[in-house]
Amino acid sequence: MLAFFMGARWWAGRVMLAAAVGAGLGGCAAAPSTPPSAAASTAAPTRTFQSLVLPGEGGVALEALQRSERVPPLRYRVIVVPGSGCAGLGALADRYFAGLLHAQVLVLHKPGVSPGDRTAPADCPHRFVVRDRHSTWLAHARAALRADARLRQGQPAVPQLLVGISEGAELLPALAPEVPQLAGLVLIGSSGLDPQEAGALQARRLGVEGDWTALAQTVAGAPPDSVVVQGRSLGYWRDLQHWPLTLPLLRSPWPLLQVWGGDDALVPAVAYARFAELAASRTAPYCARRMEGADHGLQRRTSGGEGQDGVQQLWAWTEQWARAPGAGLCGPLNR
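Quick note on this note's numbering: the sequence shown kicks off at 277 and runs consecutively.
Source of the hints: derived by calculation from the structure; they are not laboratory data.
Only a predicted model underlies this, so the values are computations on that prediction, with no experimental measurement involved.
Be aware that one or more of the hints could be misleading.
Said to hold, decoys possible - Using C-beta positions, here's what the derived DEER-type ranges look like:
1. P432 with E473: 28 to 34 angstroms
2. R599 with P500: 48 to 54 angstroms
3. T489 with A433: 32 to 38 angstroms
4. A374 with T494: 39 to 45 angstroms
5. T559 with R611: 37 to 43 angstroms
We treat Cβ as the ideally placed atom computed from N, Cα and C, and that holds for glycine.
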């Protein structure tokens, strides 16, 4: 029961342990051997995504995707931290980010993840699973963003948004100081609660609290971090056991926009509601939008069977903000 519970994704947006979420935005593959190159970042503008290599910590190479604005003028830039999974965003990026018309877009990938990979989450290679954990991903992402900032020196200084999709949102507060001209944080399919609290609420929702407790006992035990339990290493679970998210988000000085689906099967509505109550005390602006009938990936079906993409609605709001930034990031949602 717990294996299914994990695989169906009970976290605040983790695309997996044993099964994929349709909106899964992560991936895994061999790390590229090509060394980081400033030329990759300063190439002629393109309207579709191109591969880019950025340096992680300790010389590790991180693969990323980059695209210039689709429609001039350039108004802002979006940096994306995707969720977990074992498929890169190469095949989805042009469609997924189509609504970002006046924005340059940079999409990071975890170490060992290639944009073109389509590996299912349940099939992640062991070498990826044992190395995948928040503390490692954060260290590499922080190094990559610092390199990105250096490469952009001399280019137009435009407002930047830091977007976290699902699990990726859990890194945003720690990464925010690395983003120059940061204008706000955007959470997609993430409750904003600490992962441990969000997981406990989902366990209660599914009636598997006993299994959740058993997992916590294993995590607190003596086995080494490399041991795999429920599709993840104990190092991964141990990071999440104490990973802070709520308090850093509440204390952050940047505007916070949160969007989630009313039919999210992976994150309970009570988790979103609890964070909204806490976020009401933020000194910086906070706004949230529940998309009725939408799933974890903000997708929904109309009564006629047609699909509606809530992600594009989110991008429409950011485009409105970019045209009138004086109203604030939450301005389009308050109209």
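We went through each hint and held it up to the structure:
For the pair P432 and E473, the beta carbons lie near 41 angstroms from each other, so the given range of 28 to 34 angstroms is not met. For R599 and P500, the hinted distance range of 48 to 54 angstroms is satisfied, since their beta carbons lie about 53 angstroms from each other. About 50 angstroms separates the C-beta atoms of T489 and A433, a value inconsistent with the hinted range of 32 to 38 angstroms. The hinted range of 39 to 45 angstroms is satisfied by A374 and T494, whose Cβ atoms lie roughly 43 angstroms apart.
For T559 paired with R611, a C-beta distance near 23 angstroms fails the hint of 37 to 43 angstroms.
Hint violations for this structure: numbers 1, 3, 5, all remaining hints satisfied.
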